[in-house]
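Assemble chain B onto chain A, guided by the hints.
Each chain, letter by letter, is given below.
Number of protein chains: 2
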Amino acid sequence: MFYSEDLTYLMIPGPVEIHPRVYQAMNEHVFGHRTAHFRTILQQATEGIQKVLGTVNPVAIMAGSGTLGLHAALSNVLRKGDEVLCFVNGKFSERQADIVSAFGIEPIIKEIPYGEPVLPEQVKEALETHPDVAITTVCHNETSTGVLSPLKEISEALKGSNSLLSADGITSAAGDYVLMDDWGVDLFVSGSQKCFGLPPGLAFISHSPKADERMNDPNGFPTYYDSIPLYSAGIKKGWDAPFTPPIGLVYGLLESLNIMFEEGLENRIKRHHKMGEAFRSAFLAMGLSLLAKENYHSNTVTTALLPEGVNSSEFSRVVREMGILIAGGQGHLKGKIFRVGHMNLVGPREVLMTVSVIEHALRKVGYEFTPGSGVTAASDVLM
Amino acid sequence: MFYSEDLTYLMIPGPVEIHPRVYQAMNEHVFGHRTAHFRTILQQATEGIQKVLGTVNPVAIMAGSGTLGLHAALSNVLRKGDEVLCFVNGKFSERQADIVSAFGIEPIIKEIPYGEPVLPEQVKEALETHPDVAITTVCHNETSTGVLSPLKEISEALKGSNSLLSADGITSAAGDYVLMDDWGVDLFVSGSQKCFGLPPGLAFISHSPKADERMNDPNGFPTYYDSIPLYSAGIKKGWDAPFTPPIGLVYGLLESLNIMFEEGLENRIKRHHKMGEAFRSAFLAMGLSLLAKENYHSNTVTTALLPEGVNSSEFSRVVREMGILIAGGQGHLKGKIFRVGHMNLVGPREVLMTVSVIEHALRKVGYEFTPGSGVTAASDVLM
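Just so you know, the protein sequences line up as chains A and B, in that order. First residue of the first sequence: 481, per the working numbering; consecutive thereafter. First residue of the second sequence: 481, per the working numbering; consecutive thereafter.
Worth flagging that the hints you see were computed from the coordinates, not collected in a lab. The model shown is predicted, which means the values in this text are computed figures rather than measured ones. Nothing false has been slipped in among the hints.
Note that the list lumps identical chains together, so a pair holds whenever it fits in one copy or between two copies.
Subject to a maximum C-alpha distance of 20 Å in a straight line, what follows is the list of computed SDA-like cross-link-like pairs (lysine to any residue):
| no. | residue 1 | residue 2 |
| --- | --- | --- |
| 1 | K754 | E801 |
| 2 | K632 | Y657 |
| 3 | K754 | R843 |
| 4 | K754 | R800 |
| 5 | K690 | L607 |
| 6 | K639 | E601 |
With the rest of the complex left out, here is chain A (with noise of 0.2 Å):
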């Protein structure tokens, strides 16, 4: 096979793609921690997130996963004999619930059907029921299924409870539009491998005043690595980092959103949307179906079914060896689906390469269909 792994271009739904200026502000020196030079670039930075957040709440950046970041959200405003409110449409959104479980309080779980959204009348009923809930969560922009659930309206279905709003916004923010402040999110979790367009590495905790009046709370859980407060203590004593971060993911994250906002967030963010809208469009022309609700499609990640006797592990293997990487269906829908991310770097020119791969690969695995069809109709949305 021609394509090693240091050549094959990612449109998993993250990591992606990183620009050749990261590459390089990542390689920067690396310079101390506590000095004016650092805290510079980290004030910079997280003011960067805060735009793209639409947001003035602080942001705490972690350095680890972005599970680390739906973690500290949730360790920092759990109180014992809390009643949490999990809405379950995929993979990631279990992931806010699991947490919860694991402070030992059985979250109240509404599960969706992979596909579909959260949707504001869910929220309202399940708030009658249940009308003392402290933390709702839900995902914003659903990975494993490729939905956007609208978080605007979840947020306003919330208004006259007391609950906090817990929203996972790893794969949403910088690829689609978040405004926290407007929308009333609480704490909006987001993650650098993804819109951010950074290697893993940093998790991004927005939190709302809100929020940070159940931190510190005596009857709260333990917290320290993830203490959201330690981290807004560092910011006030003029952005110190509690303790020493991933020094070349910061200068990387600083570079990275320098390049978003030379593009502009409104542009890229469209940009975004019509790289969704393509592949959508040269799916369909294919034959295929998508899994995603119409009108709640994700805009950085697509997801369709795999037509019937498609063999998804071939399928996959032939799209690997013509050098593209996409991602399966996880859970129950392992096999049946394929999903391809498109984030950061994504334009015109992957899209049109990537359909025309997955229609190499779907001919060579005998699928039929019109030959050209996806890259036909991918090139009528991007006309």
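Same frame as chain A, now just chain B:
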């Protein structure tokens, strides 16, 4: 436009996209060149080039453009009063004639229509009129027209004469078969920035014992920086470079050669042939005509005629906006053809990407053809 210079994919006939391992190697710590460490690297790199060129002849690695290589090949063997026969079937074969002229020698120029190869019959015919020719120049792979001339047969046609054969192999070596010794080529010149997979900056001149006989001749022209004997003497002294070599480029050269031999030189050449076939098949399916005469197509650069009514610069602009850089025509072919380079890292993915982008651009500028036909034809070849 989304694709900045550092995101644009190079599908021009050089410079080419560079393997990440080569970038890494070029950034290694610069070491002194008068050391055993560097001498070993220079020796290994030279032995790698010899394998690629199919020769046991020495190779002078000079710091400069490919044109320095052509200049040195000729300046070292030319003598005042020489008859020099130059076959010109494109812009690059013209260059050797220009160099000869610069030394005050009027070359005997045999013009061959653009798109056609140099054929052994033409060489024999020219030798009949000019039996005392001292040097014959040809371009193995004429990058301006996408034509590969049969170098082996050309060399055979020269047998019996006293003429040296000087071949420009800048875009053939490492992408197509070169057997310098078997074919009896006296001077074979290549450069770093084409199929060798490096940035520009290095020229390679391999020279036969017959060529060496003409060097250091009192009737020859003065040489210094371009003195092949100085390089040969350095090698004999223990892999000493006469002038400071671009150390990073030499590190990269060795790594690029390592990558070539990992793939296998034969596999690499077959891949270049296959990608050329896929491009030709795609363009023909889209109703385009190829410039190169059948059976003499280059395997590293494909040239197609722009359809009537298609504005060349508008077409190139759309392709460029889609993130791919291709080349236009040179000289009288300006505005009439486009050229796609498929060298070094170009595999099935890049072919499908480029063909689908070219399809998109041709649709956008109003050319009528069956959309998807090019991609499907390429996919058929890659099956």
